[in-house]
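In the order they appear, the protein sequences are chains A and B. Numbering-wise, our numbering puts 119 at position 119 of the first sequence, and it's gapless, one number per residue. Numbering-wise, our numbering puts 571 at position 175 of the second sequence, and it's gapless, one number per residue.
Hints were generated in silico from the structure; no laboratory data involved. Computed from a prediction, not measured in an experiment: that's the story for all the values here. Cβ atoms here follow ideal geometry from the backbone N, Cα and C, with glycine treated the same way. Careful, some of the hints might be misleading.
[Unchecked claim] Distance ranges between label pairs, derived from CB positions: (1) A:S225 with B:M466: 37 to 47 Å; (2) B:A461 with A:S44: 48 to 58 Å; (3) B:P679 with A:L182: 23 to 33 Å; (4) B:D743 with A:A329: 16 to 26 Å; (5) A:A204 with B:L622: 25 to 35 Å; (6) A:L182 with B:D743: 44 to 54 Å.
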Amino acid sequence: MSSTGSLNQYIQLIERMYRTSQGNFLARLLSLRDEHVGNRNLRSSDIATLVEGNCVAPLDEIVISHLLCVKSLYMREFMEAFEHQSACVACVVRLLQNQKEVNWGLPVMYTVCLDLRLVAQKAEASCLQSNGKILEKAAESLLACFRVCAADNRSSDADTKRLGMLTLVNQLLKVYFRINKLHLCKPLIRAIDSSPFKDQFPLAQQITYRYFVGRKAMFDSDYRSADDYLSFAFHNCHKQSIKNKRLILTYLVPVKMLLGFMPSIQLLQKYDLMQFWDLVSAVKKGDLRGIDRVMEEHESFFISAGIYLIVEKLKITAYRNLFRKVYLAENSHQIEIASFQAALQLMGHDDVDADETQCIVANLIYDGKIKGYISYQHKKVVVSKQNAFPPLSSLY
Amino acid sequence: MSSYFEFFCQNLACKSTQNADRILGTCYSMCPEDEVKLREAERLVHVLEVWGSERKLVKSYSRSAADSNMAVPHLLRPYSVLVNTVQYLLLDITRRVDVPESVMYDFVNDRLRAVRQDITIQRLHPTQCVDLLEPMIRFYVYYGYVLSGHPLKDYDPVLNKKYLLECLKWYLSCCDIIAKEEGHIDKLSDFFSSLDLNTRGKTKTKLVNDQVLLESLYILCNPDDLHPLYRYLKMAKDLKGQEKLKLSYEIAIANLQGNYVKVCRLSEKLCPLLYCAISTYLPILQRRALNVMCSAYNNKRLTVPSAALVRWLGFSTDRDASTACSHYGLQVNDNMVRFDKTDFKTDARLHIPVIRNIRKKFEVSLIDIFTYETCK
């Protein structure tokens, strides 16, 4: 929309879009990321009185809070801007609630909700003490929208506001991941998974949704479903969205590694994720010292991505690979615990003793990664004659 | 809870007025006059509030109800009184030997809840909250272990854990706020200055605030939870480098990898309270480990001596280990355990091994438990 024109022209345009039910245009007129935001005429000192009486009923409040928010943003008063944007969202919620049997207003809701989150992030950054409280408050506003959409079960399938649920859920997931309140995601995920529109939502939204749900599954140590969700996201993500694909891979690669699939160097090179390459070779070799080195070198990357503990778990895979080498070298079905112990010591676990070695082997047997049993008396591991070390990818 | 949160947010918006509408208690004894009269009249004085001919009442916990106004200054105790109350409860009451420990625990727990209620209503500053919460957490950790063998009617471990986590999370979020307010002030120097204070007032035992210990407790009280570990990873360098915290992290990682031998071995290096925390978790670790061993040592003819289990799983005696094994359905003959996958009872109740005497093990007094500092 143009960045010139008077306030009255702007209001008239909004009213026309409203009357003709043009949700997408209306959304642009109320966006904080549209050209009209740069229009000086919309930033007069007394917006409220100028708009009031000049604009039809449900729209006036929306326009006022929108323009006040714009003004606060220009003055870099992010806290204030957040308050105005929250008010704007609340007005839109009421507007939607009163629009029965139609859903053309959804784009407006998407826009104001997205803007709310962005403004909240700004406010959060400017207010040191808040500690996530502002984003939490934003999430409450988003939830109000969500409830309106979820409750709209009388309209026909084409006109139901329930089609807007996923976009909101994605916004909420973004907030919850940012403030580290993953337990709040659960009811949202349930709502989407039980929705009859599950597969009708726009693909882009589905990808975002699965990216977050996959990450959550990963944190809950549910690697099978994490793999499913993240793989869907990765395969369906547009091939030019390199940044997004890289983000997805940041989680998909360690999950796949845990499940026994190692990434190729070409893939890691293509997406600039070479941090994983050293890790891959160390895990393959069972090089425990190497894993520690990689973890130290890329500590900040692994920690900020939240996958540091997953990498810790990869050590178990490394144990398995190391023991398999010992088994192949010994070429026997009865292997001394001492051989395993020596291998561990050689690879960097200097202080490991027979007891701990047995414990590590015991866990591998329990997980099904080694087929066999330990004999305490003989200090030996007796492995199965067939398939003593089944491929990891066959286990899950 | 959410209304409290809204209130908090409002205060964020108008910070200047924050101090103006804060309620300040004016009750300068451990128990408000009204309650003393009521309880004397209704014969509701607890046996632990009677000291010979004297009576020393402490405000008891009561649930907030819709029709009762709790925010009355003369019913609330200000910070200084709360400090004295906590100190009295933990350092004096816990020494009483004329009542069973579980009764004493119930009493102190109730009075501590009342203290927390006073903190919440008066919305004390985080630095003050921290001072009051820290000793409470020690109390819950210590008695969480000591009472863990008691029957459910005397002591409920789930409730204890709930209070413990409530206090711990509150404490840690206060620490975060303080750290943010301080900005870049070096935490270590701050730490040393607080040490100084304590040595000066050494004539009388005082409660202390030891963040390193508490951060470690957060890790070891929930070894199966990843959140404390992520919290640790994101900590500031100086805090992260503390030996005690590093050790706790290492134990939690070993637990994550199922390495029970390492967990038990490393926990011998812990200080009394951290040892209590991991010991409370020990029964769960033992059950899981025995289940793992059932697969790993699964053999009809071979056995494992109980002595090995004592070494690996922190049992105190061979008999203790054998009892646990038979409890889970395994065959034990002459202190030799036969592991068989099919024998293990996965639905058996958690077996609580014999509780060790912490004070004797570490040669510390009860007062030491509530006041020792890790970095001295």
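For each hint, the structure was consulted:
{"no.": "1", "hint": "A:S225 with B:M466: 37 to 47 Å", "in the structure": "46 Å, holds"}
{"no.": "2", "hint": "B:A461 with A:S44: 48 to 58 Å", "in the structure": "51 Å, holds"}
{"no.": "3", "hint": "B:P679 with A:L182: 23 to 33 Å", "in the structure": "28 Å, holds"}
{"no.": "4", "hint": "B:D743 with A:A329: 16 to 26 Å", "in the structure": "42 Å, violated"}
{"no.": "5", "hint": "A:A204 with B:L622: 25 to 35 Å", "in the structure": "30 Å, holds"}
{"no.": "6", "hint": "A:L182 with B:D743: 44 to 54 Å", "in the structure": "30 Å, violated"}
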